[in-house]
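Undergrad: Make the full structure from the sequences, and use the hints.
Numbering (mature numbering (1 follows the signal peptide of the UniProt record, and there is no 0)), first residue to last: -19 to -1, 1 to 628.
Just so you know, the hints here were simulated from the structure itself, not pulled from any lab data.
Please note: incorrect hints may appear among the correct ones.
In silico lysine-lysine, BS3-like type, Cα no more than 30 Å apart, as pairs [stated by the list, open to error]:
| # | residue 1 | residue 2 |
| --- | --- | --- |
| 1 | K8 | K18 |
| 2 | K385 | K354 |
| 3 | K420 | K508 |
| 4 | K374 | K37 |
| 5 | K18 | K343 |
| 6 | K88 | K17 |
| 7 | K354 | K327 |
| 8 | K426 | K276 |
| 9 | K199 | K388 |
| 10 | K564 | K526 |
| 11 | K441 | K611 |
| 12 | K28 | K17 |
Computed Cβ-Cβ distance ranges for the label pairs, DEER-style [unchecked claim]:
| # | residue 1 | residue 2 | range |
| --- | --- | --- | --- |
| 13 | N364 | V464 | 53 to 61 Å |
| 14 | S466 | Q245 | 46 to 54 Å |
| 15 | V523 | T243 | 36 to 44 Å |
| 16 | G247 | P269 | 19 to 27 Å |
| 17 | L320 | L472 | 43 to 51 Å |
| 18 | N364 | A334 | 35 to 43 Å |
| 19 | N311 | V523 | 43 to 51 Å |
For every residue, glycine included, the Cβ atom is placed at its ideal position computed from N, Cα and C.
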Amino acid sequence: MIKRFFILSSLCMVLGVSAQNSHTVVKGDNPYNIAKKYGITVDELLKLNPKFKDGKLAIGDVVTVKAEKTAPVSKPAVAEKAKSNHSSAQAGKIILQPKQTIYGITKQYHISETDLRKLNPEIDTHMKIGDEIILPLDSIKKYGGDQQTAPVAAITPKQTETHTETSSPAAAEGETYVIQSKDNYYRITKQFGISQQELYTLNPGLEEKGLKPGETIKVKKVKTDTASVSEPVNPKTKIDSGNDRSTTAASTAVVDDYVTYTVQQGDTVFSIVNKFGVSIDELIALNPDLSKGLKAGMVLKIKKQDPAYVKKNGDALSVVLMLPFGYSTNETQYRGMALDFLTGAKLAIERNARGGQKLDIKIVDSGNEASFKNSMAQINPDNTDLIIGPFFKSNVIDVLDFTKNQKIPVVAPFANSPELYNYSNLIIVETNDQTYADKIVEEVKGIYSDQKIYVVADSKKEIAGYIKSGLEKAVKNPNIIIVNSPSEIQLDKNMMTGQSAPVIAILASDNDAAGEAFANKVIALSKEVQGVKAFSMYYSSVFEKKVDDLSQASLVYLMDRKINADGSFEKEILAAYKSKYCKIPPKYAIVGFDVVNDMLTRENKKGEIFKQMNKVQTQLATKFEFVKSKANGAYVNTGYRVIRLVP
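TA: Put into structure tokens, the structure is as follows:
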């Protein structure tokens, strides 16, 4: 009998430990409250259930939850006796202070959010100033500082047994740290708020030998600066989407140590975490109300991202311009483009210098593909704060590889390719076609009312197909036809009356001949019947020549650059350029001014440009609205100018 008892009890223990739980979704469930119920994070829940990675759950769905240790049905008396010999862990209570959040408490006291919630099951409803929060006493003593505490209590063995996560040991006041088995450079630098390069500097030889568990390394904590932003101005003009030189999106601001974001119509939790490069758990920890759902108008706190680079070149900002003059190889193919870019860049440099910015500018001839690597020898990566250029993708990759240890911000004025999106210190200025196509879909959705839709494709048809796919998801009962030529666009027929009915025409080709043919066709159709609507992903010079006729079709087209001739800032810059160079600025001079002026106005005295990338700014002609391509990826410009021709 005794033998059977021990076998049975041991089996119960094994089953209790290894039981894998599942959960059937019921009304009101969402990833947050399911994760909370089972003591796991939202990220862990989504990793266990990859088919629900978009967070959309339907009633009746069965989701897998983390295997957790459950109490055994019965335990031998010996085990119970051993358990009772454990000493009770001591706990204390802190008194909640202004601006303290769940996320802030977990970071300050080095406790996981799971453990914090198990000690304080009602924490979401007890986060008012003066409320008491239970924490391990050792954590309060070690990390509490001047934090007010309440009388000490004990954590029972039952409470300690439920803990499933532990925090890594922390360094005493950020001086030294013992490497743990699961540590890597990213984890350590993020925990202590330093860059990888600073870690190498503090620990000579660490880069060569790597991280070894058990060894002690030096670390330090860096306090980040706060920044202020101005309120946006959004006047309604024919040029939409930003015609003020320096504005910040109405949805984003910087307050204390956090970015705040106002939720817009159409936002999802996943679009927000992708935009700001944070995890879902970090977002929810700072914004507990998200458990009740995301609503337009909500103001969310979002953790500021650690800077990828901190300036170290004294007071002056050291900037390198890499332009393809081709003097060393006597190649003139891109020289005119480079010289024009430089004239605009000089205007921006002089303007910022007059404003008090200390600048050290170096101009490097990037030459051609063959001689490019020789030009990099002119750059000292240990004494450079910002690189603008080169122009071409392969050269940009070479520069990124050359500066990978220093993580110097590199600005690509013209290169935009998915293979560049993995570099966290890269800033991509050119807006890609997909961004334009998404905007066209949004514009058509706003005016759609069962019209037939024609999409004029170029020879490749990829973008036209992308637009069609987007519209099929965005509007009800779509009737979309992709055509090769504007001549194939025909008015629809009203089935009841037999009369001609208006259509929607979209140009998805940047060919000049296609642009002119599209304009002529749309004008002809709008003269036959009212209500024809036209959209173009690209600018064509014919649009300005035939503006009156095209306004009858309410043409909406997109441009990467467009000067608002009525703006006071624009008038000032155009006058300054004409005074200096005796002509109006050509295309690449405008690009040169816009890129350089935008980057210099984002720099602070410490060279922490990445702290300012959330600001939306419009320069002479270009709108800059950067988003992260992925959590640790490049910053990509998604800004564009929307031009509407009003009847």
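Undergrad: With reference to the structure, classify each hint as holding or not holding.
TA: Hint check:
1. Under the criterion of a C-alpha separation no larger than 30 Å, the hint pairing K8 with K18 is consistent with the structure, at around 15 Å.
2. Distance restraint check for K385 and K354: the Cα-Cα separation of roughly 15 Å lies within the 30 Å cut-off, and the hinted pair is therefore satisfied.
3. The straight-line distance between the Cα atoms of K420 and K508 is roughly 27 Å, inside the 30 Å bound, and the hint therefore holds.
4. Only pairs whose Cα atoms come within 30 Å are accepted, and K374 paired with K37 is rejected, the gap being roughly 38 Å.
5. Restraint check for K18 and K343: the C-alpha separation of about 58 Å exceeds 30 Å, so the hint is violated.
6. Taking the CA atoms of K88 and K17, the gap is near 19 Å; set against the 30 Å cutoff, the hint holds.
7. For the proposed pair K354 and K327, the alpha carbon gap of about 25 Å is at most 30 Å, so the pair holds.
8. Between K426 and K276, the direct Cα distance comes to roughly 21 Å. Compliance with the 30 Å bound is thereby established for this hinted pair.
9. For the suggested pair K199 and K388, the alpha carbons sit about 21 Å apart, so the restraint of at most 30 Å is met.
10. For a cut-off of 30 Å, the pair hint linking K564 to K526 stands: about 23 Å separates their Cα positions.
11. In summary, the hint linking K441 to K611 is supported, as the alpha carbons are separated by about 27 Å, within the 30 Å threshold.
12. The straight-line distance between the Cα atoms of K28 and K17 is roughly 15 Å, inside the 30 Å bound, and the hint therefore holds.
13. At roughly 56 Å, the beta-carbon separation of N364 and V464 lies within the given 53 to 61 Å, and the hint holds.
14. Range check, S466 to Q245: about 38 Å between beta-carbon atoms, so the 46 to 54 Å window is missed.
15. The hint said 36 to 44 Å for the Cβ distance between V523 and T243, and at roughly 39 Å that hint holds.
16. Between G247 and P269 the Cβ separation comes to about 23 Å, which falls inside the hinted range of 19 to 27 Å.
17. Under the hint 43 to 51 Å, the C-beta atoms of L320 and L472, about 49 Å apart, fit the expected range.
18. Distance hint check: the CB atoms of N364 and A334 are about 19 Å apart, inconsistent with the given range 35 to 43 Å.
19. Distance hint check for N311 and V523: the Cβ-Cβ separation is about 39 Å, which falls outside the suggested range of 43 to 51 Å.
When each numbered hint is compared with the structure, violations occur for hints 4, 5, 14, 18, 19.
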